[in-house]
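Trainee: If you want the building blocks of each chain, they are given just below.
Protein chains: 2
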Amino acid sequence: MGQGLRLRRGGGQAREPRVSPGRRIINAEKSEFNEDQAACGQLCIRRCEFGAEEDQEWLTLCPEEFLTGHYWALFDGHGGPAAAILAANTLHSCLRRQLEAVVEGMVALQPPMHLSGRCVCPSDPQFVEEKGIRAEDLVIGALENAFQECDEVIGRELEASGQVGGCTALVAVFLQGKLYVANAGDSRAILVRKDEVRPLSSEFTPETERQRIQQLAFVYPELLAGEFTRLEFPRRLKGDDLGQKVLFRDHHMRGWSYKCVEKSDLKYPLIHGQGRQARLLGTLAVSRGLGDHQLRVLDTNIQLKPFLLSVPQLELQEEDVVVMATDGLWDVLSNEQVARLVRSFLPGNQEDPHRYCSFWGPAWCQQQHQEVVMAEKTALMMSPAQGRWSEWGCLKLLWGVTGGPSKSLGLEIPTVQPVALPC
Amino acid sequence: MGQGLRLRRGGGQAREPRVSPGRRIINAEKSEFNEDQAACGQLCIRRCEFGAEEDQEWLTLCPEEFLTGHYWALFDGHGGPAAAILAANTLHSCLRRQLEAVVEGMVALQPPMHLSGRCVCPSDPQFVEEKGIRAEDLVIGALENAFQECDEVIGRELEASGQVGGCTALVAVFLQGKLYVANAGDSRAILVRKDEVRPLSSEFTPETERQRIQQLAFVYPELLAGEFTRLEFPRRLKGDDLGQKVLFRDHHMRGWSYKCVEKSDLKYPLIHGQGRQARLLGTLAVSRGLGDHQLRVLDTNIQLKPFLLSVPQLELQEEDVVVMATDGLWDVLSNEQVARLVRSFLPGNQEDPHRYCSFWGPAWCQQQHQEVVMAEKTALMMSPAQGRWSEWGCLKLLWGVTGGPSKSLGLEIPTVQPVALPC
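Chains as they are written, first to last, in my numbering: chain A, 1 to 423; chain B, 424 to 846.
One thing to keep in mind: the hints can contain errors.
To be verified - The list that follows gives simulated cross-link-like pairs (lysine-lysine, BS3-like), each with its CA atoms no further than 27 Å apart:
# : chain 1 : residue 1 : chain 2 : residue 2
1 : A       : Lys178    : B       : Lys682
2 : B       : Lys601    : A       : Lys259
3 : B       : Lys661    : B       : Lys682
Keep in mind the hints are simulated off the structure, nothing from the lab.
This one's a predicted model, so the numbers in the text were calculated from it and none came from an experiment.
Please take these sequences and the hints and turn them into a complete structure.
Mentor: Listed below in structure tokens is the structure:
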């Protein structure tokens with residue numbers, strides 16, 4: 001296997017959990033530590049003001065807080081908790097820096113072509129208008145750049161400490177009356193309204209990433225490292241299938257066809273398994289978000305992991321509730337089931353100032369009886385509409401309920417730290 | 424510029440048409456010939472039967488017709504009409520061959536793992552079930568493979584005749600009670616119902632393809648041929664912009680940000696212009712479908728053109744009408760406007776056996792008065808529900824109305840041929 005490509009086969013394979021009565025297990029015994037992380041808090045953006053002189057030093061930072069936003073994030077690690085911890089401690093700072101770099105454009109009626117406000121070409125506003133560029137696009141661009149920057153930080157830190165691994169990243173930002181949701185990986189955010197439940201993110205999974213990775217393997221057969229076949233089959237083929245016409249699909253196909261099985265088709269398939277058990281190249285890492293810098297095709301800039309990112313943004317109504325959770329939750333509950341739990345709990349608990357936190361207690365205890373496999377799950381529920389951003393609660397399953405109404409701590413983000421659990 | 428990459432800059436640039444009174448113009452004077460093609464007819468699929476003995480020769484073709492489908496297609500050429508003519512004469516044969524290769528699987532209750540029906544592994548049906556593979560997926564796979572095969576034929580033929588160019592491809596197939604729509608490029612099909620209008624295809628345009636091409640240019644800077652800059656700006660930058668912070672976006676961004684302009688940013692931008700006037704790498708070709716084999720990144724398998732393809736399929740209702748058209752139509756009319764024209768014309772002309780043909784006459788003459796720029800447009804309207812597949816009409820604008828109820832000609836596809844027009 002080439003030096004630039006080190007695949008950890010089987011590292012993320014699902015196993016049947018061995019449950020002993022009276023013993024609590026972590027993440028279906030798939031990992032030694034809880035690899036989920038959460039972070040939330042206030043996002044204070046300082047103003048970048050234009051200097052008096054338009055020279056190379058025309059940007060001066062003014063220390064006063066200018067815009068305030070709110071930030072919630074979940075990170076589901078794999079291959080160890082390092083990447084998720086780094087992301088929980090870093091991403092909000094990257095985002096703040098990126099927002100501060102464009103904040104003058106964000107508060108303008110229309111982002112100016114030049115950040116200095118100087119008009120080089122009289123029809124510049126018209127060019128910006130025709131491209132349909134709005135202030136919201138600068139927030140989306142800042143989120144996209146923050147993910148990139150955070151990923152680079154994680155890459156450097158992990159390399160320096162000789163660690164590997166990666167994590168998903170699901171981020172919700174409430175800013176200037178709008179909610180932005182950015183996602184890389186298979187966590188999910190939903191919006192719960194009285195008579196509507198709407199997904200706020202789309203997931204990257206081995207199945208959604210299949211064609212992209214097959215296409216890369218078509219261009220770079222080195223990616224298959226002599227171990228995998230590029231084609232997808234309903235199951236791994238064996239000697240008895242040789243010469244038969246079997247169902248398959250390649251990078252250009254969403255549909256299926258038949259092909260005559262050759263010896264090279266008997267290798268390990270690039271995509272293996274179905275649904276949430278599916279793996280690409282035998283690992284989860286290629287369909288996740290941050291980190292995993294070891295997964296790079298030899299001597300190229302091509303990264304296997306997905307980057308980025310759907311960033312829907314919407315104006316919130318007063319009673320809107322947002323639930324964000326890692327895949328451990330969505331494995332056992334549908335969007336509609338979660339929405340029903342929220343709708344049945346919140347109205348009867350209007351007076352409880354910690355209701356967004358205590359929600360996770362009774363509602364979840366009830367659920368637990370139905371579930372045998374306790375995969376790691378972390379979830380946040382909040383009501384981010386103006387003036388109520390501080391109402392949120394966090395669940396870290398098998399660690400008990402943590403979190404509660406957050407405090408405004410300026411630029412400090414209170415990170416929900418992992419708690420050691422005896423196993 | 425490298426030998427594998429020959430970009431025709433400006434070849435597809437939009438120009439202001441010079442309209443002389445009393446003179447008819449072709450395609451806003453952008454091309455010498457009409458580059459649109461259409462093809463429609465019956466698709467007769469023969470059965471591939473299993474031989475008595477399971478040896479290497481177990482497939483024998485039985486000459487009888489087995490399944491009958493219906494086929495409509497539009498091709499919008501660029502860089503000359505050659506690719507569109509080849510596609511109109513070839514794609515249906517490719518599709519028939521691909522369907523015949525899998526037809527046994529298509530008529531089974533569930534496509535078998537092995538086309539021979541032999542069960543190598545007892546749980547094979549379960550693997551197929553878990554992957555969710557249905558008979559429809561074989562039709563989608565056949566369409567995808569037919570596009571690939573047709574593209575290879577076009578590549579060979581154009582190379583042999585020393586020609587270049589490419590075309591969009593929009594194909595509707597009605598088979599076993601279902602409609603399948605496959606699209607590469609910026610043509611569009613819509614479904615018109617009494618109280619609903621629904622797009623049946625999604626378009627590939629310079630704007631939808633922007634991130635993919637920027638990503639390729641990030642990996643292969645050779646693609647930019649020293650002439651282009653990878654970044655998108657609201658307009659082409661000039662000397663006065665140097666050192667200023669201007670709006671831009673790169674391959675990982677759907678949003679926008681600001682960057683300090685360097686000298687290399689002053690090159691021709693990879694994406695230029697807005698909306699339907701937008702060009703990628705100065706040409707339309709990279710966001711279209713078939714042909715354009717000269718657009719290939721040096722010494723790699725990477726093709727710039729988009730391949731493939733959204734293939735929605737749906738069960739039709741009796742009164743459903745489908746309208747397919749090249750971009751010339753959608754430039755001047757919205758989906759809703761076309762749906763209104765259809766709904767206002769058809770009910771009053773129930774008795775006219777040629778109503779799907781004559782629709783294009785009065786409805787379109789009325790439209791023409793409103794339009795000055797007469798871009799080439801080709802459109803088909805049909806009602807493909809069972810038993811009424813033969814009701815269709817075709818418009819080739821500025822060539823007058825051609826087509827009419829088609830005849831069942833077995834495997835022959837009556838192609839609407841281009842008609843020379845004096846200019």
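Trainee: Indicate, hint by hint, whether the structure satisfies it.
Mentor: Structure-based check of each hint:
1. Lys178(A) x Lys682(B): holds, 25 Å
2. Lys601(B) x Lys259(A): holds, 25 Å
3. Lys661(B) x Lys682(B): Answer holds: Lys661(B) to Lys682(B) is near 15 Å, not above 27 Å.
Violation of the numbered hints given earlier is absent; every hint is satisfied by the structure.
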